[in-house]
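Protein chains in written order, with the numbering used here: chain A, 1 to 417; chain B, 1 to 87; chain C, 1 to 187; chain D, 1 to 969.
Just so you know, the hints here were simulated from the structure itself, not pulled from any lab data.
Treat the hints with care, as some may be off.
[As the list claims (entries may be wrong)] With a cut-off of at most 27 Å between alpha-carbon atoms, the simulated BS3-like pairs for lysine-lysine come out as follows:
#, chain 1, residue 1, chain 2, residue 2
1, D, K23, A, K64
2, A, K408, D, K602
3, D, K485, A, K169
4, D, K23, D, K238
5, A, K29, D, K550
[As the list claims (entries may be wrong)] Examples of chain B residues toward chain D, derived with CB under 8 Å:
#, residue
6, R2
7, G20
8, G29
9, E34
10, F37
11, A38
12, M51
13, G78
Glycine is no exception: its CB is placed at the ideal position from the N, C-alpha and C atoms.
Residues per chain are reported as follows:
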Amino acid sequence: MRYSIFSLVREALSGHRGWGPAWRDAQPKPAYDVVIVGGGGHGLATAHYLAKVFGITNVAVVEKGWIGGGNAGRNTTIIRSNYLLPGNIPFYELSMQLWEGLEQDLNYNAMVSQRGVLNLCHSDAQRDAYERRGNAMRLHGVDAELLDEEGVRRHAPFLNFDNARFPIKGGLLQRRGGTARHDAVNWGYARAASDRGVDIIQNCEVTGFLRGPDGAVIGVETTRGTIRAGKVALAVAGNSSRVAAMAGLRLPIESHVLQAFVSEGLKPIIPGVITFGAGHFYISQSDKGGLVFGGDIDGYNSYAQRGNLPVVEDVCEGGMALMPMIGRARLLRSWGGIMDMTMDGSPIIDHAPVPGLYLNAGWCYGGFKATPASGWCFAHLIARDAPHPAAAAYRLDRFASGRVIDEKGMGAQANLH
Amino acid sequence: MRIPCPYCGERDAHEFVYRGDAAPQRPDGAEANEAAFADYVYPRANVAGAMHEHWYHAQGCRTWIVVERDTRSHAIAGATLAREAKR
Amino acid sequence: MVGALPAAGGGLAVSERGDLGIATIMARASSTAALAQRVAERFGIALIDGPILSGAGAVRFAGTGPGSWLSFCEGADPFWACSMAVQLDGVASVFDQSSGYAVLRLGGAEAMPMLQSGAFIDLHADAFPVGAVAVTVIAHVGAILIRVGEAQFDVAVFRSFAGSFWHWLATSAAARGVPLHRFSEDG
Amino acid sequence: MSRLAAGGSIDRRQPLAFTFDGKSYQGFAGDTLASALIANDVRLVGRSFKYHRPRGILTAGAEEPNALVTLRSGARAEPNSKATTVELYDGLEAASQNRWPSLGFDMMAVNGLLSPIFVAGFYYKTFMWPRRFWERLYEPLIRRAAGLGALSGLPDPDSYDRDHAFCDLLVIGAGPAGLMAALTAGRAGARVLIVEEDFALGGRLLAERHEIDGQPAADWVAAVAAELASLPTVRVLKRTTLFGGYDSCTFGAVEKVADHLVTPAAGQPRQRLWKIAAKRTILATGAVERPISFGGNDRPGVMQASAVEAYVNRFATAPGKRIAIFALTASGLRLARALKAAGIEVPAIVTPDGTGDGSTIAGMVTATHGKTLRSIEVSGRRIEADILAMAGGWNPAIGIASHLGARPVWDDAIHAFVLKTPPAGMALAGAAAGHFSLGEAIDDGLREAQAALADLGMPATVGARPATSDDPAGVGTLWSVPGSKGKAFVDFQHDVTVDDIALAEREGFRSVEHLKRYTTLGMATDQGKAGQVNGQALLAAATATAMGEKGTVIARPPDRPVAIGAFAGAHTAAHFRPVRLTAGHAWAAENGASFVDTGQWKRAQWFTRPGESDWLESVTREARAVRTGVGICDVSTLGKIEVAGPDAATLLDRLYTNMMSTLPVGKARYGLMLREDGFVFDDGTAARLADDRYVISTTTANAARVMQHVDYCRHVLWPELDAQAVSVTEQWAQVAVAGPNARVLMQRLLPDMDLSNEAFPFMASAQCRWRDGPARLFRLSFSGELAYEIAVPADRGAALMRALTEAGRSFGVTPYGTEALGVLRIEKGHPAGNELNGQTTAHDLGMGRMLSARKDFIGRALAGRAALTDPMRPTLVGLKPVRPGERVRGGAHLLPLGAAARAEHDQGYVTSACFSPVVDGWIALGLLANGPSRIGERVRAVSPVRGTDVEVEVCSPIFFDPEGVRLRG
Ligand SMILES: Cc1cc2nc3c(=O)[nH]c(=O)nc-3n(C[C@H](O)[C@H](O)[C@H](O)COP(=O)(O)OP(=O)(O)OC[C@H]3O[C@@H](n4cnc5c(N)ncnc54)[C@H](O)[C@@H]3O)c2cc1C
Ligand SMILES: NC(=O)c1ccc[n+]([C@@H]2O[C@H](COP(=O)([O-])OP(=O)(O)OC[C@H]3O[C@@H](n4cnc5c(N)ncnc54)[C@H](O)[C@@H]3O)[C@@H](O)[C@H]2O)c1
Ligand SMILES: Cc1cc2nc3c(=O)[nH]c(=O)nc-3n(C[C@H](O)[C@H](O)[C@H](O)COP(=O)(O)O)c2cc1C
Ligand SMILES: [Zn+2]
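Given the sequences, and given the hints that come with them, work out the whole structure.
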């Protein structure tokens, strides 16, 4: 059933008995044209665009748990395209444009909220770096504004301007940036893909690959049996290394934990997204009223989906330094997600070095905003066997060749990106 | 998380700087080529399970140590000084 | 030796130690035993390779890392580290740090609880007895703690951090309602 | 007033005045805000999140979903405070929230009329058209309606403290189980820490009437408290909530130090964060009573039976005059006895199967009536009651034990989730373990403490097990009442109803996690403690799955909401991070310096002289003074590492791209370090002090990372090298003395040294004496002038600055800051932080020749990759505006003339720019594709974010004295 205010009112009159499942909970078939491993945002978006844009509908998304239970369901929901390097900007801008039409495309309100993303700077050198970045964005046709201290004051008067350890000198504002309701993104993609015939198979963990005589991947072994596939596409985020290892691959990836935090519900007080350049802290407020915030990764390899107290303190210190008005707001819940941190901090969308296998990985802490473009470009790669131009830089061999996309300039150490 | 520094005793993990997998060995610098170095620098086993890894006790004895830790549970089996582990 | 502190009156007595020669001593490769022997010869001190204080006289060695010590000398002249290097020639590298640290002595019944509130290491006398040394961090400031008495600690912080460390000390004392008595070295 | 004449653990001699919504009331010491409100007959205390339904007090603990108030006012306002956990104090001020204009009459309650539309997840289905209306209309409306209380928007005026604790045994919760455990371990001499969030010890013993050793339980509690206080190894922390379990048996707790005072005393923190490392832990956090889902179960007056029991027994209040009971467990009957003992009428005890005493009604409550409760309906029959006590069964409080990932399992015997496999080192005791009787709690405490002692190798002294009046608690289940009239709530705060659960199931949200996220069940401030299991059970029933199979959601820290300020402690505002000051800081401040943050350091940025109107004027004067006279600059913040030992030279050869082993003693050399991936890591100088000793410098920003890197090489890569290294950054204050008059000045300072060009040429270094102390002298030049750097022990740093000023007074020695330093280095084309940004290669910086081919070094192999030496990479050049006076800025991008300002024409960017006094104009350094071969070409420096577009000429990055005559002079 199409979602609209009319269908909602109609259903209200009949006790909402007419709604069916948002997506079909499918049983695995013996074979598909494409099997997508991972029912996160990227896997589901890939399925949607494969079906919608490339007409490939004999597709399964296999998810080991429940869809959206990975990072797609635990991120801080920031969307932006304020990147620096030419390998990144067009891709994230494509994503931003897809966000801007997502709800109409999916007929699902993902609450894409373009209330601005402001990155604060605290020194002249940082301001120069933001000017470089803002200019790179503008040259790519992306919106960016450089704010001076006054401009920041107008945007967020509650910040600590007067007795800050690292005084605020200005900021880079992307007004089109903002947030989106993460769960709705997952469910919306699942529903749209399912409507076009994609099978969404939950509680189905891939445990191995089926190999053809030439070594090519021709299917997957799962906890719910063998599934053959013309092509197998990995979109398993924090588990990329584990799954790729089943195909004998070693990736330039480490799995790290990033924590996130939400406060009790509060009346609106924070406009858009604010990131504190000198501390490890960023914040936005959810539609429900919770302050959603986070900071740096814990820093050690982990598959445990939870972090430790020092980072909680570090993040809250940053928060209090930046906006001492949140001292009496209470932290309601903290959690962790396992991210696939690459050696240059940028993602990989490429053929795996094994025929039949496609790789979408390395999203670090920034892959939520990438969800639409990642799905779009990955679908393009799978359908056409050629990279989408916006994602052409995300090659796996860039590490060996040195054509890395290192936004932070931290080099080949995953936890520094 | 508490890390048993072989010198200092048990310390909170925030005193340490993490580097990662201790398994990759730097190729012989005089001999090895680009490919060997690229293989040393970029790919990682990224083990889900027990792993030997390098930590630096930056806010303590300023020593690099090798910690055996399970990446799924964070349970730590032990630690040695890196320079001794090498020998 | 620093003279006895004025009675702390249940509070916290803090004095700054000024006349110290300080040097980092690092044993040369496989020379820890030889270094210990040299130290025994020259200073009559049984040098221990561990986080404890060796020596009780004017010169002391605080273990700060494997094969590495921070050596303190009371009333040292400005070239003390050079003479130390000569004494230990061939068995250790010696680096002058006399100016690198601010060393505070904390005394009084509140000294231990106060430091405990800052350091996530166990300072209970059973775990951290007199003579124990720990290199750790307090309020984001690296600190070397030495228990010099039941209720007396020396705390060395890098000199550039001294102001911030003082701030922590003062606010934490206030938070505990502990009167802070500050003494300069010469009374 | 509904205060009972006698009983309770309140102190009637200590009346306390408080206000709620501006109205004055009185309670007693020992009250919570909730008990005091009840004593004052306040029934309506809050509004629900979505439908703004009137709500009363439901519980007597941290699981309270309804009675949320804003405590205090102004900057101290604390939204969403649970009235049930707020300790009453004199002068307490509280206000209801999420209502307008008043609690009694809330306009937003129209949401309730729209509730047929506002079902779970309705917003996903609408508000999509027209697209632009989301940010403009729908979202602002939704946001305004959502949220509960409001922050004041003012900085938190209070302070927060931290502390650390180590113990053999940590006991969480001081009910009978916890007290027994602490006592047992304490008596054996173990270091015990027991934390209790309440201001009183005893747990449910405060609320229930039991006997221990033939005495009222309260007496036992008092005796145990006294004994614990007397045991030297036991520490009792009251008002301390343990909120999280973390790795390696560490825990976080927060102590409310001054929350029971109007304002903290001077210096006193409001709260204190405890970090605890425990060898063993006993979780004795009790259990939380479940509500029952029937029509109108959220009406003010419907309460948990355990809460009614607490209000009557502990707080000596009568929540109502006629209290009906709807019970699935035996605790309902115990409550009836308590009520009758207190002289309160019990019009009905309702149980589904009629079990109980003779007066019990077999049946179910299907509806409630009244603005606040007036009557209930049981099987069509109305019964007058102003309170309905629900006893729906118990959920063990196991959240903390689940923080490390252990998953609760369903126990069919007690109809609750329990933790069968707690984390290593932890045991559960009492109601938390699913053992609901007092006898079991005592047994558990004793047994688990003894087990912990045995584990730790400590002999347990065998104390007697106190005798208890045991009351094995039956448990029943009833997840929803069939035939209910009106909304039956599962999650009270978030207004999740029985129907919402059914809808979610219908729409395919069939995992408990999907259910949670779709309906927001369990996502409110009580984190589902009150009603979540009921919702999960309804889902299990709807999908015909066993509870055990459906499971429950993950519990996460904090177990109870904790103020963000408490996590930040004292590290707020100006004290967020330590400040590092150089030895010359005070001197610089006296001389008019403005300071800039460089990492944690404060550095003098420029020195304002009287009459100077802006920073540029000061900086230009300083830079000019260096070129024409002499300037002094504090460079102490650069990292300094001393490397010594027989293999020091070998180590440095591997660290730097160029040769350091060939450096003669008494010389210094510029050096470049790469990362192993071939990109530039850091630069600096190495000076050889002796055959086996060097001192190297690093950039300020990278000092710690380089030290760590040097140690990595020594400990991990090449432990066979006999080289020692240590940071001496703090030991030496270092000052650059630069300008044509530098030699004269230095000669005055060091009269005994031969500073002639022959004796001490460019790049010489020496260990020397200044004022009878050690000093180090280097002939280094960042400015391009004849220059020295002199280092003295930091405690003489200020004296050195003064001595230099004094000695140079006659020829106008000028202190200069980082800004002038920047001008001088840009004029000379020296790369600094903006160029050494981790993205550049030696080739990019024009230093390709510094990569030695004669040895291995870190980064050698990968620096040779084609991609890193590609001539089309942006490479360092100088840039000069074509039109005099035009300003070029850092961050502008470089494009060919005439090309549109679009990305495909982007050829690089400006890294650093300044006003150059010697050029008398703005100059810049930039990275330009194929730069060195484009000298003389004109390009555009475009900054769309500033709206500037400047034509610049590409030139050599060295703007001044390209032959380096001056620095060798
Ligand atoms: C705390 C946190 C905050 C973040 N904040 C932001 C942000 O603000 N903005 C932003 O852009 N990004 C953010 N991110 C990053 C973003 O969430 C991720 O990059 C992105 O969600 C990853 O892609 P995904 O959605 O497909 O991943 P996931 O949702 O993790 O999808 C991967 C799926 O694969 C499944 N899977 C794994 N192994 C198997 C197997 N063997 N068989 C079958 N299925 C398998 C997993 O169960 C999972 O559901 C954040 C991440 C975290 C953890
Ligand atoms: N009759 C019944 O049906 C029934 C059911 C359950 C419990 N009970 C009674 O409850 C008691 C059980 O004893 P018990 O000791 O297991 O539990 P308890 O409820 O008496 O004590 C638990 C204590 O832990 C504290 N606590 C909980 N979480 C905390 C946290 N995170 N940090 C700090 N403190 C925390 C609580 O404030 C409480 O004081 C017995 O008296 C028993 O009769 C009865
Ligand atoms: C943007 C966002 C907002 C959230 N808001 C809430 C909230 O209001 N209440 C809540 O209990 N949890 C909230 N959560 C956290 C979830 O409950 C949950 O912890 C998170 O999705 C990770 O899942 P897990 O804890 O089950 O592993 C939020 C999460 C996100 C990503
Ligand atoms: Zn250590």
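Do the hints match the structure? See the list:
no.: 1; hint: D:K23 / A:K64; verdict: violated, 56 Å
no.: 2; hint: A:K408 / D:K602; verdict: holds, 24 Å
no.: 3; hint: D:K485 / A:K169; verdict: violated, 60 Å
no.: 4; hint: D:K23 / D:K238; verdict: violated, 31 Å
no.: 5; hint: A:K29 / D:K550; verdict: holds, 25 Å
no.: 6; hint: R2; verdict: holds, 4 Å
no.: 7; hint: G20; verdict: violated, 11 Å
no.: 8; hint: G29; verdict: holds, 3 Å
no.: 9; hint: E34; verdict: holds, 5 Å
no.: 10; hint: F37; verdict: holds, 4 Å
no.: 11; hint: A38; verdict: holds, 7 Å
no.: 12; hint: M51; verdict: violated, 15 Å
no.: 13; hint: G78; verdict: violated, 13 Å
Checked against the numbered hints given earlier, the structure breaks hints 1, 3, 4, 7, 12 and 13 and satisfies all the rest.
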